Amino acid sequence: MNVRSEGVVIVGGGAGGLELAIRLAKAGHKDVLLIDRSATHVWKPRLHELAAGFRRGEVDELDYAGLAEHWGFGFERGELADIDPEARTLTLAEWPEDDGRVRVPGRCIGYQAVVLAIGGVTPDMGVEGVLEHALMLDSEADAERLFERFSTGLLAHRAGQRSDPFHIAIVGSGATGVELAGLLATEARASSVAPRECQPRVKVTLLEATDTFMPGMEDEVRQSIRKRLLNVGIDIHTEQQVSRVDRDRLTTDGGDEFPADLTIWAAGRVGPPVADSIDALATNKKRQWRVKPTLQSVDSDHVFVLGDCSVIDDEPAPPTAQAASEQAEHLAKELPRFLAGETPAPFVYEDKGTLLSLGEAGSVGEVKGWFADDVQLRGRLARAAYQGLQRQHQFILLGPLKGTAEALSDVLGRSVGPRLKIH
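Per UniProt numbering, the sequence shown starts with residue 1, numbered consecutively.
One thing to keep in mind: the hints can contain errors.
Ranges between beta-carbon positions, derived for each pair [what the hints assert, rightly or not]:
| # | residue 1 | residue 2 | range |
| --- | --- | --- | --- |
| 1 | Y349 | T212 | 21 to 31 Å |
| 2 | E329 | D31 | 11 to 21 Å |
| 3 | D279 | D31 | 46 to 56 Å |
| 4 | S5 | V232 | 54 to 64 Å |
| 5 | L339 | G233 | 33 to 43 Å |
| 6 | D313 | E132 | 32 to 42 Å |
| 7 | R244 | E69 | 44 to 54 Å |
| 8 | A87 | R244 | 38 to 48 Å |
| 9 | D235 | D279 | 12 to 22 Å |
| 10 | R244 | L62 | 35 to 45 Å |
| 11 | V3 | R244 | 47 to 57 Å |
| 12 | G126 | S5 | 38 to 48 Å |
| 13 | T212 | Q112 | 40 to 50 Å |
For lysine-lysine, the following DSSO-like pairs were computed, each having C-alpha atoms within a straight-line distance of at most 27 Å [said to hold, decoys possible]:
| # | residue 1 | residue 2 |
| --- | --- | --- |
| 14 | K292 | K227 |
| 15 | K30 | K227 |
| 16 | K227 | K203 |
| 17 | K333 | K26 |
Source of the hints: derived by calculation from the structure; they are not laboratory data.
Note that the structure is predicted; figures quoted are calculated from it, not measured.
The beta carbon of each residue, even a glycine, is placed where N, CA and C say it ideally should be.
Generate coordinates for the entire structure from the input sequences, incorporating the hints supplied.
Right, here's the structure in full:
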């Protein structure tokens, strides 16, 4: 296999990888290649909107090739298969056709530095029936699959003239599970899920394995979120470790059963499956690549890792778009220094707080560091904070002029459309 040489190769075009490519290109570093298996970028915090039935255009889907041409970096589609740190090469997997024929052959690319920004996935935890009967929310394809199951399930439920609610069970009370619960329990019923006369009542149940709803969240924020979810009819159960998932129900290790016409598995986060096949780079038990405080792999200084697929042993950052964006900003400054022979500075995560949108149940969050104190946000102010984060992401990707145009378009769309979740 022939080896093609590049400068900086970024694998993964999520919030961190794409922002890093653009920041480097804007600073004049044009020998940058971004690789992603998809042709388009959707900001991951907006996947819930796709799952609730909003169109791709409504969640600001952007074309990688267009962004690459605009800013001056390279882009090609591909999926990571292996890395050889000693040879400083990475291998991209073959892409077969449905009938087994090879559509795109495997490629080998040399690099001066590679940045792995592939993200993570939701683990099945070894629970029986998860892969067969539950849905996860790790990608655009997952979101569209979830909406398809949701909408057809609602229609089938109504066609069967059932008087009981359409039951949605969500396993995991982290940000993903909680936001999706609020969105599906409220806004999805007002979207084009089904004709109005075919819309049955929706009942959402949220299950948490520990004894604490939203573990790790500040207590005041947690209680506010819980109250809002309960007010829109969502049932919340803690200390419920799911041991089995069937087509129409969940069973816990204590023997309790919960009805589920649709099961969404949002429990935990681990690194990508490809991490298991790359022997040269060490991972932890969650399949995340282990990195130094400089975000360099513990096994190779020329391999950097950011986002969900990385872990700093002593100071892990949370698996959020906020953390990935901070790491991208850091590497945009430190990668050029490293390539010039200098030692990169360590990354220091700055927790700016947590913001969650719960559909029509409202918006809640905590912003850290304002006036040397933490600020609790509710309602319109919290919603404005979500929109501000989305605008910031748009401005980085599109620049100030196009970013402003997109923001105005978004505002006009919101004035005539249903409320959306942004963070």
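Against the structure, the hints:
Restraint check, Y349 to T212: a C-beta distance of roughly 23 Å satisfies the suggested window 21 to 31 Å. A hinted range of 11 to 21 Å holds for the C-beta pair E329 and D31, which are about 20 Å apart. Distance hint for D279 and D31: a CB-CB separation of about 28 Å, inconsistent with the stated range 46 to 56 Å. Restraint check, S5 to V232: a C-beta distance of roughly 56 Å satisfies the suggested window 54 to 64 Å.
The hinted window of 33 to 43 Å between L339 and G233 is violated, with their beta carbons roughly 55 Å apart. Hint check: D313 to E132, Cβ distance near 35 Å, so the stated range 32 to 42 Å holds. Roughly 50 Å separates the CB atoms of R244 and E69, a value that falls within the hinted 44 to 54 Å. One distance hint, 38 to 48 Å for the beta-carbon pair A87 and R244, holds here, with the actual separation near 46 Å.
For the pair D235 and D279, the supplied restraint of 12 to 22 Å is violated, since their beta-carbon distance comes to about 45 Å. For R244 and L62, the Cβ-Cβ distance of about 40 Å falls inside the hinted range of 35 to 45 Å, so the restraint holds. Our hint of 47 to 57 Å for V3 and R244 holds, since their Cβ atoms are close to 48 Å apart. Distance hint check for G126 and S5: the Cβ-Cβ separation is about 42 Å, which falls inside the suggested range of 38 to 48 Å.
Between T212 and Q112 the C-beta distance comes to about 46 Å, which sits within the given range of 40 to 50 Å. Distance check on the hinted pair: K292 and K227 sit about 40 Å apart at the alpha-carbon level, beyond 27 Å; violated. The hinted pair formed by K30 and K227 fails the criterion: a straight-line CA distance of about 50 Å is larger than 27 Å. For the hint linking K227 to K203, the alpha-carbon distance of about 16 Å falls within 27 Å, and the restraint holds.
Simply put, K333 and K26 have alpha-carbon atoms about 12 Å apart, close enough for the 27 Å limit, and the pair holds.
In the structure shown, a violation is registered for the earlier hints numbered 3, 5, 9, 14 and 15, in ascending order.
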